[in-house]
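Chains as they are written, first to last, in the numbering used here: chain A, 4 to 565; chain B, 2 to 208.
The set of hints was computed from the structure by calculation and includes no laboratory data.
Honestly, I wouldn't trust all of these hints.
[As the list claims (entries may be wrong)] Restricting the straight-line Cα-Cα distance to at most 30 Å, the calculated cross-link-like pairs of lysine-lysine (BS3-like) are:
id : chain 1 : residue 1 : chain 2 : residue 2
1  : A       : Lys-462   : B       : Lys-136
2  : A       : Lys-197   : A       : Lys-352
3  : B       : Lys-136   : A       : Lys-202
4  : A       : Lys-100   : B       : Lys-178
5  : A       : Lys-191   : B       : Lys-136
[Stated by the list, open to error] Far from chain B by the CB rule (all over 12 Å, computed), these chain A residues:
id : residue
6  : Pro-55
7  : Thr-96
8  : Gly-174
9  : Gly-280
10 : Gly-291
11 : Met-347
12 : Tyr-355
13 : Leu-407
14 : Ile-414
Predicted model only: the values in this text are computed from it and were never measured.
Each residue gets a CB set at the ideal place from its N, CA and C atoms; glycine is no exception.
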Amino acid sequence: MFDAIVIGSGMSGGIAAKELCEAGLKVLVLERGNDVDPGKDYTDMVMPWEFPNAMRVPEDEVARDYPVQSQCYAFSEATKHFWVKDSDHPYTTPADKDFTWIRGYHTGGRSIMWGRQSYRLSDLDFEANAKDGFGVDWPIRYADIAPWYDKMEKFVGVAGDRDGLPQLPDGENYLPGFELNDAEKQFKAAVESKWSSRKVIIGRTANLSVAKPWHEELGRSSCNNRSICERGCSFGAMHSSLTNSLPAARRTNNLTLVTDAIVHSIIQDPKTGKATGVRVIDRKTKVGRTYEARLVFLNASAINSAYILLNSASEHNPNGLANGSDQVGRNIMDHMYALSTAGMFPGPKDSYYKGRRPTGIYIPRFRNYAEDGDGYVRGYGYQGGVSRLGSRPRAGMPGIGAELKEQGRHIGPWMAYISGFGEMLPNPENRVTLEKTAKDQWGMPIPHIECKQGPNEAKMAKQILADGRAMLEAAGAFVVNQAKEAGPPGLGIHEMGTVRMGRDPKTSVLNGWNQAHEVPNLFCTDGGAMASSGCVNPSLTYMALTARAADHAVKLMKEGAI
Amino acid sequence: MIDEIAMNRRALMGRIGLLIGAAALPPEAFALPKGKAAKKFLAAPQFATLSAVADTVIPADETPGAVGVGVPRLIDGMLVTWASADTRGQIVGVLAAIDKLARDADRKSFAALSPERRKALLVPYDKDAMKPGPKPTEKLTALQAMMAGPPVMNPSWVKLKDLIITLYYTSEVAMTKEEIYEHVPGKWVPSLKITPGMRPFASGGPF
Ligand SMILES: Cc1cc2nc3c(=O)[nH]c(=O)nc-3n(C[C@H](O)[C@H](O)[C@H](O)COP(=O)(O)OP(=O)(O)OC[C@H]3O[C@@H](n4cnc5c(N)ncnc54)[C@H](O)[C@@H]3O)c2cc1C
Ligand code: SF4
């Protein structure tokens with residue numbers, strides 16, 4: 004019998020484990036995938052020319068095993084082992100509703116491959132549902148979560164500037180922000196002089212620009228500016244659950260991590276209403292077993308957490324556990340992604356930079372904030388950068404021989420690139436359900452995902468592209484490439500909303516402490532909990548919600564309330 | 002752990018060094034590949050055409066060219082370890098088409114032509130290949146479509162040319178001689194004055 008079970012060892016599960024272990028609880032983390040050994044599995048010390056096949060995954064293998072995962076920019080021969088085989092982990096969608104579900108099943112989850120962009124939500128986001136009526140009101144406001152953002156930013160190490168923007172609150176504990184290059188400074192000046200409401204700032208990122216003693220205690224060191232973080236960082240200079248949260252949990256001697264343990268369902272005692280433990284299927288032997296605990300944290304990532312609740316249906320809970328509201332699995336949101344504009348930029352001719360900075364520029368939200376939106380609610384931000392175009396010759400341009408080789412020797416021209424991340428509204432019809440008959444190799448029902456961007460998203464996408472072009476052109480860039488539409492939902496890799504927080508048990512699954520309304524010792528603190536999506540990268544918010552909920556759960560346990 | 006990685010890396014580097022050293026010897030340019038490349042796909046005449054094409058796209062000057070860094074051998078290997086049957090067919094088809102070009106014009110194999118003559122034939126072939134072509138039949142995602150750029154007349158040639166360029170510019174020789182590559186740059190220097198003759202920095206990942 005453990006004090007607590009944490010389901011999933013990724014971005015949010017790692018923090019749950021750390022916080023609960025540090026509070027003195029004996030914690031069991033159950034991870035469905037294999038363990039990862041940084042010494043063997045990280046490929047960041049392999050030189051580019053040492054990879055087979057020019058770092059490309061064999062074409063037949065991509066088609067057979069990775070048709071979905073290969074759509075992620077970070078998928079390559081260098082990182083292949085960090086993505087699920089789609090062939091082993093099937094899901095279904097309606098023919099006309101693509102959903103690109105990007106996943107990593109192993110210790111650390113997607114915190115190993117993530118892009119590290121780390122921003123706070125603000126009250127603009129926490130009040131949005133109440134103001135415009137989409138979704139249910141968040142049961143918390145910025146002031147409730149702010150101290151937990153502080154705590155998490157200090158622990159993970161977020162490098163960023165304090166920009167003083169109300170819609171993008173600053174952290175107390177930022178490490179020095181990475182600096183803009185000269186062309187980015189020029190771009191910033193041009194955009195900000197034309198629009199006082201728009202700001203160009205350095206991307207806030209979970210890379211240790213300067214490691215602090217509490218980072219070094221966990222074996223982490225400062226960033227070496229290589230920008231190959233998705234291969235795993237042997238310097239521990241980026242935050243991952245594997246090399247930061249779990250080691251912090253482990254040093255308390257309170258952590259037990261069991262890998263290859265696929266959580267099948269959560270067991271509830273119908274008399275007390277409390278969760279008593281979980282059923283697990285061993286990934287390798289396919290044999291089932293159960294674990295018991297006084298407290299359960301659900302951190303399997305948004306879609307999987309909803310899936311586990313749905314799969315925990317019983318006589319007493321025919322619709323699934325904690326699902327009296329019928330909201331479990333609904334309201335999938337993902338940021339609109341790939342709304343990119345690129346152009347040749349007239350940057351300073353004799354200026355260059357050195358090193359590969361692991362972040363880019365960020366343009367915080369201005370629509371439906373300081374500037375009106377064109378017929379939609381909510382807003383968007385942009386990520387991007389201005390960099391020297393790789394001068395390597397391109398196969399799709401005419402040219403061969405000495406001329407081609409000579410071209411590759413010249414430092415390329417400046418290119419500016421910005422890509423919008425747009426907020427998606429909660430819509431109960433965007434949902435995950437369980438297939439009635441189709442099962443996976445472990446005998447578990449296959450998830451069925453139905454998700455589509457709606458009219459609000461379509462209008463927003465148009466303005467994301469128009470504003471992107473306008474900003475590039477205002478800065479003197481010549482636009483050469485622009486997307487026409489957003490990527491399919493899922494590809495933003497910010498899927499969330501399926502186990503939402505709310506004030507009313509009739510319309511939400513979790514209360515203001517991420518505690519299930521119907522199961523007092525069950526907490527879900529991954530992206531499932533999000534009542535709205537905001538437009539910033541969400542993982543920092545998941546971590547802050549997790550630390551806050553863990554603190555509350557421990558208090559309730561000590562009071563004997565759960 | 003870092004030490005262990007560094008040691009393994011040295012061992013690996015040694016091996017790569019040998020490979021490149023071997024390939025950089027006065028190139029028996031169009032002979033069959035020797036040594037490490039265990040798996041081969043192309044027959045000897047096809048391999049000779051590939052070597053001649055690679056040498057024409059990226060010739061040696063003060064630095065080794067595509068043949069010098071072993072690109073033909075690597076492509077031949079990739080036809081076994083990486084390419085789908087469709088890609089293999091396209092590459093073989095392009096090699097045959099280019100060889101036919103030479104036989105029709107000069108009644109010699111492409112590999113048997115002088116470097117000047119090869120280039121004279123390949124420049125217009127390359128140019129024609131880039132003319133706007135029909136839309137691809139396979140469904141591309143929005144992102145893929147944006148990355149792929151406009152469709153061209155001869156995508157198979159672009160595919161082969163892309164392999165030659167990519168393998169050349171990810172070779173240790175090109176990344177350290179044509180470009181500057183530091184695997185562990187250390188500091189981020191946001192502003193650096195360009196000096197005459199300065200080479201571009203190579204990147205090791207998607208960014
Ligand atoms: C390439 C890439 C770039 C990204 N960039 C950013 C970024 O810049 N900023 C940002 O904020 N976010 C980014 N993200 C998203 C970020 O990775 C996720 O938001 C975050 O990892 C989610 O945390 P999580 O704990 O919910 O899930 P995960 O980190 O995915 O962890 C879930 C874990 O649960 C396990 N699990 C699942 N089902 C079960 C089960 N039934 N039983 C047991 N274990 C189970 C999984 O194996 C996994 O280890 C990026 C993601 C990717 C892939
Ligand atoms: S850029 Fe920094 S964090 Fe990323 S892999 Fe390199 S050293 Fe690690």
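Hints and how they fare:
1. A:Lys-462 to B:Lys-136: At roughly 28 Å apart (the allowed maximum being 30 Å), Lys-136 (chain B) and Lys-462 (chain A) satisfy the hint.
2. A:Lys-197 to A:Lys-352: holds, 23 Å
3. B:Lys-136 to A:Lys-202: This hinted pair is violated, its Cα atoms lying about 39 Å apart.
4. A:Lys-100 to B:Lys-178: violated, 48 Å
5. A:Lys-191 to B:Lys-136: Distance of about 38 Å is beyond 30 Å: violated.
6. Pro-55: Not fine: 7 Å to the nearest Cβ puts Pro-55 (chain A) too close to chain B.
7. Thr-96: holds, 14 Å
8. Gly-174: Answer for Gly-174 (chain A): holds, closest chain B Cβ roughly 20 Å.
9. Gly-280: Consistent with the label, Gly-280 (chain A) stays out of reach of chain B, its closest Cβ about 36 Å off (over 12 Å).
10. Gly-291: At about 36 Å from chain B, Gly-291 (chain A) clears the 12 Å cut-off, so the statement holds.
11. Met-347: holds, 15 Å
12. Tyr-355: Violated, because the least Cβ-Cβ distance between Tyr-355 (chain A) and chain B comes to about 5 Å, which does not exceed 12 Å.
13. Leu-407: It is violated; Leu-407 (chain A) is separated from chain B by about 7 Å at its closest Cβ, not greater than 12 Å.
14. Ile-414: violated, 5 Å
Of the numbered hints stated above, those contradicted by the structure are hints 3, 4, 5, 6, 12, 13, 14, listed in ascending order.
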